[in-house]
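> Model the full structure from these sequences, guided by the hints.
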Amino acid sequence: MASGLEQFVNNVRSLSAQGNFRELCEQLSKLTEVLMKNSQHLDNVLETLDLQQHSLGVLAVLCVKLSLPAPSATPDHHEILFAQVQEFITDAELCHLLTNSLVELKTPLRGIDLLRRAIHKIQLFDSQLTSVHADLCQLCLLAKCFKPALDILNTDVTSISQELPSRPRQLAVSHVMLEAYKKYILVSLILHGRVQGIPKYTSQVVGRFIKPLSQSYHDLASAYFTNNSDDLRALINKYQEPFT
Numbered sequence: 001m002a003s004g005l006e007q008f009v010n011n012v013r014s015l016s017a018q019g020n021f022r023e024l025c026e027q028l029s030k031l032t033e034v035l036m037k038n039s040q041h042l043d044n045v046l047e048t049l050d051l052q053q054h055s056l057g058v059l060a061v062l063c064v065k066l067s068l069p070a071p072s073a074t075p076d077h078h079e080i081l082f083a084q085v086q087e088f089i090t091d092a093e094l095c096h097l098l099t100n101s102l103v104e105l106k107t108p109l110r111g112i113d114l115l116r117r118a119i120h121k122i123q124l125f126d127s128q129l130t131s132v133h134a135d136l137c138q139l140c141l142l143a144k145c146f147k148p149a150l151d152i153l154n155t156d157v158t159s160i161s162q163e164l165p166s167r168p169r170q171l172a173v174s175h176v177m178l179e180a181y182k183k184y185i186l187v188s189l190i191l192h193g194r195v196q197g198i199p200k201y202t203s204q205v206v207g208r209f210i211k212p213l214s215q216s217y218h219d220l221a222s223a224y225f226t227n228n229s230d231d232l233r234a235l236i237n238k239y240q241e242p243f244t
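Under the UniProt record's numbering, the residue at position 170 of the sequence shown is numbered 170, and the numbers go up by one with no gaps.
Just so you know, the hints here were simulated from the structure itself, not pulled from any lab data.
Treat the hints loosely; a few may be bogus.
[What the hints assert, rightly or not] Computed cross-link-like contacts, DSS-like style, restricted to lysine-lysine with a CA-CA straight-line distance of at most 27 Å:
hint, residue 1, residue 2
1, K200, K182
2, K144, K121
3, K200, K211
4, K200, K183
5, K183, K238
6, K182, K238
7, K182, K211
8, K183, K211
9, K121, K147
10, K211, K238
11, K147, K106
Here it is as structure tokens:
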């Protein structure tokens, strides 16, 4: 990879890690010409960047690729470019990155109308909540300009937009999920006398991670099912600390 492109990648990585989006934007503008001159290596640049951590850098590369004249493109260039743009639109948190940048620059008012329009573009209908709502509210609060947020929020929410159904974070275990599963076991015992089977569409996280972390509650369910009060009392005493 040419030295200019190496500088581009290093700047994107380091400034993104620091959260210094203002300087990153300035560097991206200065290095646009470098990207144009090394158009044949841009796919290699994209492979070195992480879409979630380096979204602004990926966007800069895609903008250059979209501006390339047709003669310089390989036969499958357009198919590859379409797939890359599609991936960016699907997975990049562009509105969130923009919000962070405007907050850092202390110019939240500038992004309010833009995010409001983004919400209307994303929404399938007016009563749908999107991930951009939180960013808009943050900018409105900082700018002390509340009307745009009120106009968006003053609607009964009937649906939550799931723009990113396959994000890796779904495979992570949260404390809320763990505690909810424990309560699910207790409520099942109270209502049905046994633990009800979980739906087939339940995430594999439950079986792989949450069940082992809830072993004391499964032991409680087993003791409860025997109808032996002494065994049940002994098990409750055994797990008194996690239960309380």
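> So, for every hint listed, does it hold in this structure?
Here's how the hints hold up against the structure:
Note on K200 and K182: the hinted pairing holds, with a Cα-Cα distance of about 18 Å set against a maximum of 27 Å. Among the hinted pairs, K144 with K121 is consistent with the structure: their alpha-carbon atoms are about 24 Å apart, no more than 27 Å. For the hint linking K200 to K211, the alpha-carbon distance of about 15 Å falls within 27 Å, and the restraint holds. For the suggested pair K200 and K183, the alpha carbons sit about 19 Å apart, so the restraint of at most 27 Å is met.
Proposed proximity of K183 and K238 is supported: the alpha carbons are some 19 Å apart, at most 27 Å. This hinted pair checks out: K182 and K238 have alpha carbons roughly 17 Å apart, not beyond 27 Å. Between K182 and K211 the alpha-carbon distance is near 9 Å, which keeps this suggested pair within the 27 Å criterion. About 13 Å separates the Cα atoms of K183 and K211, which keeps this hinted pair within 27 Å; it holds.
Among the hinted pairs, K121 with K147 is consistent with the structure: their alpha-carbon atoms are about 19 Å apart, no more than 27 Å. Distance check on the hinted pair: K211 and K238 sit about 19 Å apart at the alpha-carbon level, within 27 Å; holds. This hinted pair checks out: K147 and K106 have alpha carbons roughly 19 Å apart, not beyond 27 Å.
In the structure shown, no violation is registered for any of the earlier numbered hints.
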